[in-house]
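Residue numbers (our numbering), protein chains in the order written: chain A, 1 to 113; chain B, 1 to 110.
These are calculated hints, taken from the structure and not from any lab test.
Any given hint could turn out to be false.
A partial selection of chain B residues facing chain A, derived with a Cβ cut-off under 10 Å [as the list claims (entries may be wrong)]:
| hint | residue |
| --- | --- |
| 1 | V47 |
| 2 | I48 |
| 3 | G50 |
| 4 | A65 |
| 5 | K69 |
| 6 | S94 |
We put the CB at the ideal spot given by N, CA and C, even for glycine.
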Amino acid sequence: EPEVTQTPSHQVTQMGQEVILRCVPISNHLYFYWYRQILGQKVEFLVSFYNNEISEKSEIFDDQFSVERPDGSNFTLKIRSTKLEDSAMYFCASREGEFSEQYFGPGTRLTVT
Amino acid sequence: DAKTTQPNSMESNEEEPVHLPCNHSTISGTDYIHWYRQLPSQGPEYVIHGLTSNVNNRMASLAIAEDRKSSTLILHRATLRDAAVYYCILKGRSQGNLIFGKGTKLSVKP
Numbered sequence: 001e002p003e004v005t006q007t008p009s010h011q012v013t014q015m016g017q018e019v020i021l022r023c024v025p026i027s028n029h030l031y032f033y034w035y036r037q038i039l040g041q042k043v044e045f046l047v048s049f050y051n052n053e054i055s056e057k058s059e060i061f062d063d064q065f066s067v068e069r070p071d072g073s074n075f076t077l078k079i080r081s082t083k084l085e086d087s088a089m090y091f092c093a094s095r096e097g098e099f100s101e102q103y104f105g106p107g108t109r110l111t112v113t
Numbered sequence: 001d002a003k004t005t006q007p008n009s010m011e012s013n014e015e016e017p018v019h020l021p022c023n024h025s026t027i028s029g030t031d032y033i034h035w036y037r038q039l040p041s042q043g044p045e046y047v048i049h050g051l052t053s054n055v056n057n058r059m060a061s062l063a064i065a066e067d068r069k070s071s072t073l074i075l076h077r078a079t080l081r082d083a084a085v086y087y088c089i090l091k092g093r094s095q096g097n098l099i100f101g102k103g104t105k106l107s108v109k110p
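Chain A on its own, in the form it takes in the complex (with noise of 0.2 Å):
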């Protein structure tokens, strides 16, 4: 069965360094979205992506953030500086269409020092 996948499972980083969150989405879905999870915190919507644009976005996902969708698979989350408030799960969905349901990856559990 197709899954998305993310990598690295795990990021250490130091704050005010740039991270990069990598996720491949399923192979024929359109919709891309960012999540995070602060341990023991409800999951918190971040960003959605879709025909290669920004669609929607929290205010979580401030100038510190950004996405990309490089090369037509990886689907990217860029931290530009990060701060000790970014330790959290980061988790990657997509879906197929616009009324299917979202497929999460396993996540990546950046830890910020």
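On the provided structure of chain A, position chain B as indicated by the hints.
Chain B only, in chain A's frame:
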């Protein structure tokens, strides 16, 4: 965004049915009711969704009240693998992103 209310936690015995309730009294006419679950240390997983009629799939059943102000996710025979946090989410037809609440943490006892 329309809100949902779920119990914080529920317990079940293995191989028994589980009924997970969700209240959504402010649901709008075009909101779909989605259920996702999150197993420990994993990403959320789609379970089922519906609009007005009851729905069945291989994972679960969804019973929707006639006034649509509440719904119940039914796991027909709970297994240990069903221990997870279950989220009831309202989603507009054209809305892409999911708004997660705290969900119900289901524990399954052997």
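(message) Given a cut of 10 Å on the nearest C-beta pair, is the interface hint for K69 of chain B held or broken against chain A?
(response) 23 Å, violated
(message) Given a cut of 10 Å on the nearest C-beta pair, is the interface hint for I48 of chain B held or broken against chain A?
(response) Holds - the Cβ of I48 of chain B comes within 10 Å of chain A, reaching about 9 Å at its closest.
(message) So, as I understand it, the hint says A65 of chain B touches chain A; can you test that by seeing if any CB pair is closer than 10 Å?
(response) Given a least distance of 22 Å, the restraint on A65 of chain B is violated.
(request) Answer holds if the nearest beta-carbon of chain A is closer than 10 Å to that of V47 of chain B; otherwise answer violated. (result) Holds. Min distance 9 Å.
(message) Let's test the interface hint: is any C-beta of chain A closer than 10 Å to that of G50 of chain B?
(response) Violated. Min distance 12 Å.
(message) Given a cut of 10 Å on the nearest C-beta pair, is the interface hint for S94 of chain B held or broken against chain A?
(response) Interface hint status for S94 of chain B: holds (7 Å vs cutoff 10 Å).
Taken one by one, the earlier hints fail for this structure at numbers 3, 4 and 5, listed in ascending order.
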